[in-house]
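Colleague: As a plain string of letters, each chain reads:
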Amino acid sequence: MPKYNLNVNGKPRSIEASADTPLLWILRDHLDMVGTKFGCGIAQCGACTVHIDGNAARSCSLPVASAEGKEITTIEGLSEDGSHPVQMAWKEVDVPQCGYCQAGQIMTASAFLAQNKNPSEAEIKNVMHGNICRCAAYNRIQKAVEIAAGNME
Amino acid sequence: MSATSASITFSRRNFLRTSSLASGGLLIGFNLFTACKSDVKPPIDLAELNYKDFNAFIKIAKNGAVTIFSPNPEIGQGVKTAMPMIIAEELDVAWDKVLVEQGVLDTENYTRQVAGGSQSIRFSWDALRQTGATAKQMLVNAAAAKWGVDASELSVSEGVITNAAGKTLGYGDVVDAAAKLEIPENVVLKEPKDYKIIGTDQVNVDIDKIITGKPLFGLDYKVDGMVYAAVLRPPAFGQELESYDATEAKTMPGVIDVIKIGEKAKALLGKEEINWTAQLSPSEKVVVIAKTTWDAFKAKKAIKAQWKDTSTLESTEYQDKKLNDLLDGKEFTTLREDGDVNKAFAQADNVLERTYESPFLPHNCMEPMNFFAHVTDKKIHLVGPIQTPEDAANTVAELLGRDVKDIHLEMTRQGGGFGRRLYGDFVYEAAEIADAIRKPVKMVSSREDDMTTGVYRPAIKYRIKAAIKGGKLTGYQLKEAAINGNMYGLIPNFFPAGAVENYRVDVANYESNITTGAWRAPYTNFLAYAEQSFFDEIAEAMDMDKVQLRLDLLEKVKGTTDERIQYNPERLQAVLKMAVDKSGWGKAPEGTYQGVVAYYCHNSHVAEVADVQIENGMPVVKKVTCVVDCGIVINPLGAKNQIVGGVIDGVGHAMYGQFGFKDGVPSSNNYDTYRLIRMNEAPVVDAYMIQNELSPTGLGEPALPPAGGAVANALRAATGKRIYKQPFMEDLDFWRVEEKEIIG
Ligand code: FES
Ligand code: FES
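If you read the sequences in order, they're chains W and C. Numbering (the working numbering) for the first sequence: 1 to 153. Numbering (the working numbering) for the second sequence: 1 to 744.
Bound-form chain W, shown alone:
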């Protein structure tokens, strides 16, 4: 099986896997980083969202071969201690119900806010609508993104 050198949360990691293995399963099964979640496997729900060179990407549909040479950030690497403004806002608002979708929601929101610090209500809805929350915590997600926007550096 081919070898891949990845850069995950600022650390070099090398793994062996078949070329079509999605980054999601590399993270979860090969690297034991289970914060990134599996929801659909077909880029429809956003549970598996990570940052690739700072942009939100669906790791379930990104073959490991194309993740080489890129900066991969997962929920575990978003901050050392949960202190990223988006994480803090999620806590302040008490967003989660079951919590399963929330890593993906946070990763989508944080990539977006890094580029747009003053989003409108409609822009937030538009960017977050790719992330399904089966518990329907959507009102609180909206509120948390608004709060986080005000606290981004």
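Just so you know, the hints here were simulated from the structure itself, not pulled from any lab data. Keep in mind that this is a model prediction, so the values were computed, not measured.
Calculated pairs, EDC-like style, for lysine to aspartate or glutamate (alpha carbon to alpha carbon, straight line, at most 20 Å):
#1 C:K209 x W:E80
#2 C:K214 x W:D32
#3 C:K623 x W:E146
#4 C:K214 x W:E80
#5 C:K291 x W:D20
Once you've looked at the hints, dock chain C with the ligands against the given chain W.
Modeller: Just chain C with the ligands, lined up with the frame of chain W:
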């Protein structure tokens, strides 16, 4: 007509036991659901902590730190936060100093740990308060003995005991002495007005782990040497495995083996010991065992399997016809009958009859079904998300022919439940696989597996008929045609039972090979929409205000002596009036159209008003005002999350949830073909809770059922059209309205 006196008994004297911990401190074991045997004691060593006769524990350490082991499965409904809050309140400790841990289920020892029916808080409210208060009293008694004063002279706040002279002792200072005292009886519980923790907003106890991506869920659980299993199940309901060829799959990367399971489950089918949560499949299945989930998923696709038809391959049209035949037929069971509906219809000025239809629905928990199992000759270790751990352990013991004492079952946090994880099919699969390969293994369903091999909410039809005479509602008949079972026995006693003189509920069903079961707010999740949009039509036929009709009907139930009536008319009127007030009912601005519902289910009273506007020629649900009376609210922050989520879930499934079958094969298998409500479609939900001092009821379900009705009624107000079928948005052209010309 008290709604529901829970049939749970616990002896105040017997349900608590204490012991001194070897490491110092006090351990209090208690059982939420049954009395403990009088001869058992909690262990003195925490390592031996189990559920022999207690399903929950409080530990108070010598430094005063309090740990509460919460027993009930957490599926997102918030009990892991709310249940310990109740203990902490009566114990009188500061909430932010309390550590909460999920209790395990040890089948050597379990009693009852279930998440379902919005019951966790309702059933444990008394026991949790008694436990906290008893522990506090023991600590106070120990302090009184130390000071040589009467316990009644002491006061307590946040874990500090103060005497008349102003001297203080912390719980940690007296905990060792307290552990040696007799358990006091008849402890005094706090008055609700003195609550400091109950009724305050507290953030989910797992919040830090959730936002930083720490392992929490079943899918996250891992041990050294663990392998992954993907299960190939029959593609259609009504089919079974005939043969398979795994030659290619076995050569694929990461694949360890391909095996067949299911013989053991088949042997159990129909056995009496197996209860309703079992949902065993009649078919054998092919399982890929691989080093990673992806390897297993991929190799599964390479298996060439032959399936044989063993029973009817049902299609949606077939089911539709069956249900219509039931409604048109004569074979009904009558669940409640008051007066004579036929006479009322015969004498009526006006008879209204409508039929309402709903599709099947998958649960679609965000975390797909999965379970960890490791079977050895000595032990069976099971870990994962399950709402009925006790049943799962029992069934696994039956399945593998093992003593239930060999089973150790741990519950993880669960990525949604909605009723799906009441059924243990995935646990038995994991156990059967682990028994065959004798390695630690995680069975993982893909989304496609999860959606196409579900335990669905069955399609249901209701036919409702009303008699109106002299401007009054004189008769009401509800007929239910369902699949694999009918509404549970309390539902015929929900509103409007008792409010209409001639009233009757008839039910019928047929047996299908499609696995069906509870789905968040079973039956009422669809019935509420049917009945409450029917009430709107009754109001229109009687030329009455829609709110007034409901208030008038409820008025008639006041003072009823009918013990069967489940709801409280005063409480239902109160939520309705508050919803009218908060939503600005009748005073909506130009372009906003409203629909109202008042409903009772799952022991809570709820009213909702939906606001619809027309955007780009289509009706859009903008806002839902929801008022809930669920008694005392333990954690308003968590409770509101449940209410808002429940409402949006209800709106989403009423609008978009579409699921059917073609020759036994489900019509959708992933989110590209199954529509769940998303952020841009979610209305703003304004949630209110009635403040009272009545015992708490449940919140995981009751806000969902009224939402569909409120939306249907608002859609009618906005477009003039009535919809009799879910999902509402199946045919968009039905709703399209001419754009009004914008002038100026
Ligand atoms: S798991 Fe990747 S988008 Fe759903
Ligand atoms: S919190 Fe449960 S899926 Fe979003």
